[in-house]
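Q: Below, each chain spelled out in residue letters.
Number of protein chains: 2
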Amino acid sequence: MNDIDAPTDHSDLRVMSTDECTGRLATAGIGRVAFVRSGEVVVLPVHHVVHGLDVYFRTSGGSKIEAAADHSQVGFEVDDYDRALLTGWSVSLTGAASLVDEDDLIRELADSDPTPWMVGDPNHSVWVRIRPDQISGRELLPR
Amino acid sequence: MNDIDAPTDHSDLRVMSTDECTGRLATAGIGRVAFVRSGEVVVLPVHHVVHGLDVYFRTSGGSKIEAAADHSQVGFEVDDYDRALLTGWSVSLTGAASLVDEDDLIRELADSDPTPWMVGDPNHSVWVRIRPDQISGRELLPR
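Residue numbers (my numbering), protein chains in the order written: chain A, 1 to 143; chain B, 1 to 143.
One or more hints might be untrue.
Same chains, same names: a pair is fine if it fits in one copy or spans any two.
In the DMTMM-like style, the derived pairs of lysine to aspartate or glutamate whose C-alpha atoms are separated by at most 20 Å in a straight line are [to be verified]: (1) 64 x 101; (2) 64 x 139; (3) 64 x 108; (4) 64 x 111; (5) 64 x 133; (6) 64 x 121; (7) 64 x 82; (8) 64 x 103; (9) 64 x 113; (10) 64 x 19.
What the hints contain is simulated information worked out from the structure, not anything from laboratory work.
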């Protein structure tokens with residue numbers, strides 16, 4: 001049963017507020033970035049951090065993500081579902097991606113992410129920034 | 001430590017075999033579909049089933065996914081990560097999406113998915129097929 005005041009969409013999912021979306025984005029840890037590479041839409045998981053209003057993730061220097069994501073429009077998604085309870089939530093955003101080249105920011109990001117993972121050698125990685133232009137979230141409540 | 005025989009990629013992830021990829025895809029239950037809509041790359045979670053070599057998911061009739069995914073190149077991803085252990089795996093594919101209009105197949109798909117979720121009213125939903133043209137998977141082993 002939905003809360004009586006909670007807005008729902010055409011699939012009966014509760015629509016999250018923007019604050020709730022950004023909160024869940026910040027604590028999710030794992031997200032999926034989607035981008036176009038050679039005319040194909042590719043989705044890959046990344047470990048991300050949120051800094052200010054932007055989403056950042058590391059990728060190996062010279063990776064396909066690095067090449068494709070720089071100055072591109074990308075999608076990004078985080079979620080958490082319980083298959084037993086058939087409940088869960090997701091937050092999805094679109095934004096512009098760019099490589100981070102500010103040394104101060106790179107140090108801050110590294111400090112905020114003391115345990116790099118999902119990237120080979122952190123010393124040979126680059127940070128990608130996603131600046132969101134749209135964000136939305138949905139929650140599937142218990143029926 | 002990686003198995004000595006396991007191939008790894010440039011990020012030190014174990015490369016999965018195609019059989020392993022399709023096996024994990026079939027049991028994952030939740031995946032993320034990525035597609036281009038009005039020039040933006042969008043990622044959304046779906047509950048999927050695998051039938052034959054194809055991936056299928058339901059979406060509400062008239063949804064944005066339905067409009068965007070029909071006869072499009074899309075991306076699809078499943079994963080499972082353990083943030084405490086810093087381990088996990090992902091499978092990513094690209095393929096052509098199309099709406100399912102074969103009545104027999106729609107019945108088979110509905111039978112194979114007795115508990116629809118992540119879609120409002122299953123009686124007003126459509127099935128989308130993704131026919132994979134490339135599939136790959138990576139596993140992050142304990143360090």
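Q: Indicate, hint by hint, whether the structure satisfies it.
A: Evaluation of the provided hints:
Taking CA atoms no more than 20 Å apart as the test, residue 64 paired with residue 101 passes inside one copy only; the shortest distance there is 18 Å, against 36 Å between copies. In this assembly of identical chains, residue 64 and residue 139 lie within 20 Å of each other by CA distance solely across copies; the values are 18 Å between and 32 Å within a copy. Taking CA atoms no more than 20 Å apart as the test, residue 64 paired with residue 108 passes in neither setting, with 25 Å inside one copy and 38 Å between copies. In this assembly of identical chains, residue 64 and residue 111 lie within 20 Å of each other by CA distance neither inside one copy nor across copies; the values are 25 Å within and 39 Å between.
Taking CA atoms no more than 20 Å apart as the test, residue 64 paired with residue 133 passes between copies only; the shortest distance there is 18 Å, against 23 Å inside one copy. Only within a single protomer do residue 64 and residue 121 lie at most 20 Å apart by alpha-carbon distance; the minimum there is 16 Å, versus 39 Å between protomers. Taking the closest pair of Cα atoms, residue 64 and residue 82 never come within 20 Å of each other, the shortest separation being 32 Å inside a single copy and 24 Å across copies. For the homomeric pair residue 64 and residue 103, neither the shortest alpha-carbon distance inside one copy (23 Å) nor that between copies (40 Å) is at most 20 Å.
Neither within a single protomer nor between protomers do residue 64 and residue 113 lie at most 20 Å apart by alpha-carbon distance, with minima of 22 Å and 35 Å respectively. Taking the shortest Cα distances, residue 64 and residue 19 never come within 20 Å of each other, neither inside one copy (32 Å) nor across copies (24 Å).
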